[in-house]
Structure formats: C-alpha cells, structure tokens
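Peer 1: Taken in order, these protein sequences are the chains called A and B. Numbering-wise, the first sequence is residues 0 to 402 according to numbering that gives the first Met the number 0. Numbering-wise, the second sequence is residues 0 to 231 according to numbering that gives the first Met the number 0.
Read the hints as simulated data drawn from the structure, not as lab findings. Where a beta carbon is used, it is the ideal one built from N, C-alpha and C, also for glycine. Please note that the accuracy of each hint is not assured.
[Unchecked claim] Capping the alpha-carbon separation at 25 Å, the derived lysine-lysine pairs in BS3-like fashion look like this:
no., chain 1, residue 1, chain 2, residue 2
1, B, Lys119, A, Lys2
2, B, Lys120, A, Lys2
3, A, Lys389, A, Lys146
4, B, Lys119, B, Lys162
[What the hints assert, rightly or not] For each label pair, taking beta carbons as the anchor points, the in silico distance ranges come out as:
no., chain 1, residue 1, chain 2, residue 2, range
5, B, Asp25, A, Val381, 21 to 31 Å
6, B, Glu144, A, Met300, 24 to 34 Å
7, A, Ala20, B, Glu194, 44 to 54 Å
8, B, Ser28, A, Glu402, 25 to 35 Å
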Amino acid sequence: MLKEAIILAIRAIRRNVLRSALTILGIVIGVAAVINMVTVGSGATTQVTNEISELGGNMLVIRPGQRRHGPGGARGVEDRFSIADAQSIITNVAGLTAVAPVSQTGRQAIYGGANWSTTIIGSTNGYLTVRNWYLAAGRVFTSGEEKAGADVCILGNTLQRELFDEQSAIGRNIRLGKLSFRVVGVLAPKGQSSFGTDQDDLVIIPLRTLQRRMAGNTDVQTILVAVNPAIETSQAQRDITALMRERRGLRTDDANDFHVRDLTEISDTLSGTTAILTALLSAVAGVSLLVGGIGIMNIMMVSVTERTREIGTRLAIGALERDVLLQFLVEATVLTSLGGVLGIAVGLSTAVLFCDLIGVPFMFRADIVGASLLVSSGVGIVFGFFPAKKAASLDPIEALRYE
Amino acid sequence: MSTPFISLAGISKIYGEGAAAVRALDDVSLNVQQGEFVAMMGSSGSGKSTCLNILGCIDVPTTGSYLFEDVRIESLTRNQRAIVRRHFIGFIFQGFNLLNRTSAIENVELPLIYQQVPSKKRRLLAQQALASVGLEKWANHRPSELSGGQQQRVAVARAIVGKPRVLLADEPTGNLDSARSMEIMEMLTGFNREEGITIIMVTHEQEMAHYAQRRIVFQDGCVISDSADQAS
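Take the sequences, apply the hints, and build the full model.
Peer 2: Structure, rendered in structure tokens:
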C-alpha cells in the first residue's frame, strides 16, 4: 500500500512539475539557508579554533592590572612582575610545561641597506615552547646567553625575508636600533593570525638583554605559561592566582591587581558568537519552513479539490479513509522531502563556493544534513495532514457528483 | 423463493430537516435474488439513484433495514461499508470515472490494490478482465486516448476484476451512442448469464431496460411497479 502510494505521489507531482517546483521553493530555500550557514559557520569556527591552538592551545597570560591614581588621576599600571615572579611560578606551580617572562618594545632592524620596523620580544627559550613555535634554522639561546643578557637574537620569518631575502641569516650581525645583535636562529613561519596581524614580524632576544640595554629596568610586562594538556587550565589558573596574591602581599579582601587569562576564553567567546548567529539563522530558516509548509498545505488543498471525483471513485470501489489519508499524506511528504533534498544540494554547493570565497575550510555536517531531511519530511506530514484528512472524510456520493 | 440475496425493508431516505426536508425514498421494500439482472427506472428525482447508492453501501438509509446476504448494512461503520464495497460490489458510473493520466490496465488494477492482491497477480487479473471486455490491446493507453465506449468498457473491467457478487450500474449508457450502448449492454448481459453476477442498473432508457429480466419503476420515492420477464 505504501509503495503504491509513493508511486502515485510521484506521478501526481510529475503531472504538475511547475506547480510542484514552485510549491517546494520555500522548503528548498529554508533548507539551503540552514545547510549553507551551518556548514560555513562550522568551517569558520574550526579555523578560529585551529588558530587559537596554534597561538598556544593551553596558554595562560599573566598581566598586571591597571590602576587609577586617585580621582581624576592618570591611569597607570600596578606593580609590574619581575623575573623572580616567573621563577617562583616555575618552582611552586605544578603541571606547567613552560613559563616565559616577556617584555616587548619596538625597534628598527637594519642589515646592510635593508631596514624594517619590528617588534622586539625579550624572553627566554620558554617563549618558543609556550607559543608552540619551532626553529626553521639555527639554535635557541644557551642558558649562558639568557643569564648574561648576550647580544644574540632569533629572527621571525618576516625579518629573515625582508633583511636577508634568500641568504642564510645565521651568524650575521644585524642592528636593532643602535645595538648590534648576532643572529643565532630563525623561526618557522606561522603566518597571519585570524585578527590579521603578521605573527612572523618579530625578533626575539634574551629578556635580560632587553631589560638592560633597551628598557633600562627590570620589569616583566607579561608572563606566559603553557599548561600540561593533561591538566585542567583552571586548576593552574587558581594556583598561579594564589601564588601571585601572596607574592604581591594582597589581603584576603583585596581584589586581584593582575589577571590570569586563558586563551580558551577567547575561543569560547568566538564560538559563542557563532552559536548565536547560527541560532538566529535557524530561526529565520524555521520561519521559511513554516511559510513553505503553509504553501504545501495550500497546494494540497487545491489538489484535493481538483481530484474530488477521483477520491469519490476510490472510496466507492473500496478505499478506506486511511488509504486516502495515506495517499495524500505521502504525496505531501514526498513533495517536501524532495524540497529537502534539493535544498541540501543547493546549500552544500553554495557552501563550497562560499567557503572558498572567504577562505575557511569546508566542513560537511552530516548531522545537519540528516536533520534537514527529517525536518523537511516532518513539514510534509504536519502540513499535509489537514488536506489529507479533508480528502479522507469526503462523502463518496458528494465527491462522485462533483463537477 | 429462496432467501433473498439483497433485501431492503421499509427504507426511507430523508434529506434536510423540518419543513425543508425532502423524502428521496419513502418506505421502499424490495428483494433481489442471486443472479438477477434488475433495471431501476423512473424520471429524475424519483429516487432510483438514491436507492442504488444505498444498495452500493455508499449511502445509508434514514430508516429501514438493508440485509446484504446476512449482513445488516445499516449497523456498519463507514470503514466497514468500504470493506463490503471492496470485496462484494462493483460500480459502473455514467461518467466512467476513470483516473486520468493512468493507463487502462492501472485503472483496472485499482480495486485489487485495495484488496491487497500482490502486484504480479494483480497485473494478471487485470489483463484477464481487460481481455473479457475486448481491450487487451489497449492496456497501456490512457483514458484520454480511448473512445467513450472503450472507456466504459475499461470501467466495466474495473468493476468485475475483483469478482464482485453484485454489479451496480448508474446510467452506464447515458454518455454513449446507441451502438456503443448496445455493446455495453451485451457485455453486462454476458457477465450476468455466464458468471452469474447479480446486476442492478439504473436507467431511464426503455430499450436498455429490456436487457434486464426485471424492471422496477420508481416515482416520488416509491416503487410503483415491479415486473419480471416470465420467459427467463
């Protein structure tokens, strides 16, 4: 019976190709919109997540807070950290893979006739571990160089390109401002961050060198910490906060005058935004499906009226109410499922184009495709029911007389 | 006489209510034996079609009792009556009522689909039914590609394919010229004689009524005459 009903439904749809096509347009557009948005959205989320883990997946950033000097006073920074703070984190907090005290400044980098304005990072080898960064050539700092504040540097890939082109930079001397540094290593390229900055545009020198010879102080602006992936970052976050409060002599009721930030917070914010967008678009798609469903109901009512005599004949020769109900219900469901399939095809193909256009990876979401198919069939059942019920409850005598 | 195959007792059918009520049938009682060929005659509005609808279980009487073999039809639900129609009754309509855009053989198969006959057997039975009305070569033509006489023959094939006990025909020749009409009547007479199918036919044409062995005349919802051929 179901097989016959499906054959019959396909025949009824083919009888009015244009009308059927127009009827399911709403469903096609609704489903295509959902598929497209979710697919492109997942691609974008995946890309951002990848970039954040590239930045350092389980990295904590510790910074001093900002302070106001009395009413209307100038804004300043709370007590800065020192190398001793970083040392104390290394010795007192468990479950960390690396700790890197960082200060930074800007200088002109000069080699021969080429010069390039860049960021100077003063840190330790721990910086490379925390940022999950590898060397393309050369070596990292020796502990002697770190302790003594030697005039050595590791170049970011952009500097290598701008100052040395294809030549090897290892062993050469460049100038950062007025000071001369020997290049000991070159970093592997990281490319642009999703915020559009060139991550390779930097030179790393030992922290002590920066403090003594450039900044003229012993401040540490930021401490970066990489947490062992097997350990909850929130645990490390709590431990470090407790340690810093103690070292900075804060009383129990004092607020923190520093932050311990987690990069997953940024990634959560981003995926939260994506989720809100997806929800909004789903609501729009839901409205589209509702409108499409009403269109289906409308056209099924017309179909029932047009085929009143046919229904009468079927009832007269022994069709039960449920046979007729099934026939029209199947017809509506086949129609909307067809709309769902077309919508999925349109949605996926436009998503491929879209992903290509904005440069995010194409993520096939089988769950959403399956759900779309189910929902579109469901729309057929829900909105086809009333017309089908109407057809099934026709009086055979009236129906046979219908002109 | 043996127990009647079909028995209507005191059947009335009233449409509408109160002052506007119309008595389409007024206390009609009649019996039909197995294998009879009955013509029901009368002017339009005489009640013959209403009576046929009640006999066909697509309408129910307001009062009275209808016994089909030993089933009390008026006590059945809508779906139960559909089951009776499905298995025991074949219909032929004045307007043929074939499904357009569906081939002749698929039209003939339709009652078998509802009888849940498997598709291979269905095809075979439909071919046999089409052959019995001389249309085996037209099986794959659609109604719009057939003449009126051919369409009515397809309708006859559809009515007999399910091996019904009774064939109900409502003005089966009403839309046909006299040559085609006689073709159809010969065919019905043949099914009545050879297969013993009981036929009840509504017509207002005397010459068609003469194919039947018994003629019942209706007027204003009542039976005013009921005469049978003595020869047969």
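Peer 1: Please go over all the hints and tell whether each is borne out by the structure.
Peer 2: So, going through the hints one by one against the coordinates:
This hinted pair checks out: Lys119 of chain B and Lys2 of chain A have alpha carbons roughly 14 Å apart, not beyond 25 Å. At most 25 Å may separate the alpha-carbon atoms for a hinted pair to count; Lys120 of chain B and Lys2 of chain A meet this at roughly 16 Å. Proposed proximity of Lys389 of chain A and Lys146 of chain A is contradicted: the alpha carbons are some 88 Å apart, above 25 Å. With a CA separation close to 17 Å, the supplied pair Lys119 of chain B and Lys162 of chain B stays within the 25 Å bound.
Hint check: Asp25 of chain B to Val381 of chain A, Cβ distance near 47 Å, so the stated range 21 to 31 Å is violated. Between Glu144 of chain B and Met300 of chain A the beta carbon distance is about 30 Å. The supplied range of 24 to 34 Å therefore holds. As the Cβ distance of Ala20 of chain A to Glu194 of chain B is approximately 48 Å, the hint placing it in 44 to 54 Å holds. At roughly 34 Å, the beta carbons of Ser28 of chain B and Glu402 of chain A sit within the given window of 25 to 35 Å.
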